[in-house]
Amino acid sequence: MTPATLQAEKTVDSSGDLCPTPILKLSKGIKEIEVGQVLKMIATDPGAEADMPAWARQTGNELLDSHKDGEKFIYYFKRVK
Amino acid sequence: MSKSDPNSPKRLALIASKGTLDWAYPPFILASAAGAMGWEVGIFFTFYGLPLLLKDIEAEVTPLGNPAMPMKMPFGPQEFQNINWPIPTAMMATPGFNSLATTLMKQTFKNKGVASIPELRAMCIETGVKLIACQMTMDVFGFKKEDFIPESEVAGAATFLEYAAEADVQLFV
Chain A
1166 MTPATLQAEK TVDSSGDLCP TPILKLSKGI KEIEVGQVLK MIATDPGAEA
1216 DMPAWARQTG NELLDSHKDG EKFIYYFKRV K
Chain B
0 MSKSDPNSPK RLALIASKGT LDWAYPPFIL ASAAGAMGWE VGIFFTFYGL
50 PLLLKDIEAE VTPLGNPAMP MKMPFGPQEF QNINWPIPTA MMATPGFNSL
100 ATTLMKQTFK NKGVASIPEL RAMCIETGVK LIACQMTMDV FGFKKEDFIP
150 ESEVAGAATF LEYAAEADVQ LFV
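From first to last, the protein sequence lines stand for chains A and B. Counting with the numbering used here, you get residues 1166 to 1246 for the letters of the first sequence. Counting with the numbering used here, you get residues 0 to 172 for the letters of the second sequence.
FYI, nobody ran anything at the bench for these hints, they're computed from the structure. Be a bit skeptical, because a hint or two may be false.
[What the hints assert, rightly or not] Subject to a maximum C-alpha distance of 35 Å in a straight line, what follows is the list of computed DSBU-like cross-link-like pairs (lysine-lysine): (1) 9(B) <-> 1193(A); (2) 71(B) <-> 1246(A); (3) 1205(A) <-> 129(B); (4) 1237(A) <-> 105(B); (5) 109(B) <-> 1175(A); (6) 54(B) <-> 111(B); (7) 1196(A) <-> 9(B); (8) 105(B) <-> 1205(A); (9) 1233(A) <-> 109(B).
Excised from the complex, chain A in its bound form (with noise of 0.2 Å):
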């Protein structure tokens, strides 16, 4: 899937803040979307880099995509519990 294809339910904007932040609001916001819908993540912290995919494998939520806009890093995650 590409982020052209991706229709976020929410976006989560964290740009500016560090470690663990960008986790935290990262969590807040996927519990304000229900199972099986899309949540879209911003985030300038460098070390959201690995810690968006950790987040999600420990979660059991699914990365559908990430990519960098400029300084920004996007993510997609799906709810999936």
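Given chain A, put chain B in place with the hints provided.
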């Protein structure tokens, strides 16, 4: 306290034994991150870490106890802010220096986008982290249960060890 169900979430057991501002970060960062990943988390606050459960956290940083600690200026051009100012030991011991270092550290952390200790503690509470006050330390230092935030609970070494024995990750800070 038993974790016999194989499908139960991972568990993190932390001991927070230091109460300075710098050392308050690791337990609260790890606990809130683990909570955000759906883990079960318990922090045992003992010795100098116990005041981190007080309603108002008054943690300061002491450069005197951290000989390798550089000083960063939270203002001015980026090149100036990036300088690691070495602190002469004699200066670390001057009155008021801890307050100055604390102010600079809080401002630098805030500028960089790191959450404050009260914010991280609030996130821990929100994600259901168990905050356990060490009964022995309370008795020795004269703290009462009412001195702490209402979300805290009181227990001793055996209770924590039982909890930690079932944990996937155990860390002493």
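These are the hints, each one checked on the structure:
1. This hinted pair checks out: residue 9(B) and residue 1193(A) have alpha carbons roughly 19 Å apart, not beyond 35 Å.
2. Restraint check for residue 71(B) and residue 1246(A): the C-alpha separation of about 43 Å exceeds 35 Å, so the hint is violated.
3. Of the pairs offered as hints, the one joining residue 1205(A) and residue 129(B) holds, with about 30 Å between alpha carbons and a cut-off of 35 Å not exceeded.
4. A hinted pair counts as satisfied when its Cα atoms are at most 35 Å apart, and residue 1237(A) with residue 105(B) qualifies at roughly 25 Å.
5. A distance of roughly 27 Å separates the Cα atoms of residue 109(B) and residue 1175(A); the hinted pair therefore holds under the 35 Å criterion.
6. Between residue 54(B) and residue 111(B) the CA atoms are separated by roughly 26 Å; this keeps the pair inside 35 Å, and the hint holds.
7. This hinted pair checks out: residue 1196(A) and residue 9(B) have alpha carbons roughly 19 Å apart, not beyond 35 Å.
8. Taking the CA atoms of residue 105(B) and residue 1205(A), the gap is near 30 Å; set against the 35 Å cutoff, the hint holds.
9. Annotation: proposed proximity of residue 1233(A) to residue 109(B) holds, straight-line Cα distance about 25 Å (limit 35 Å).
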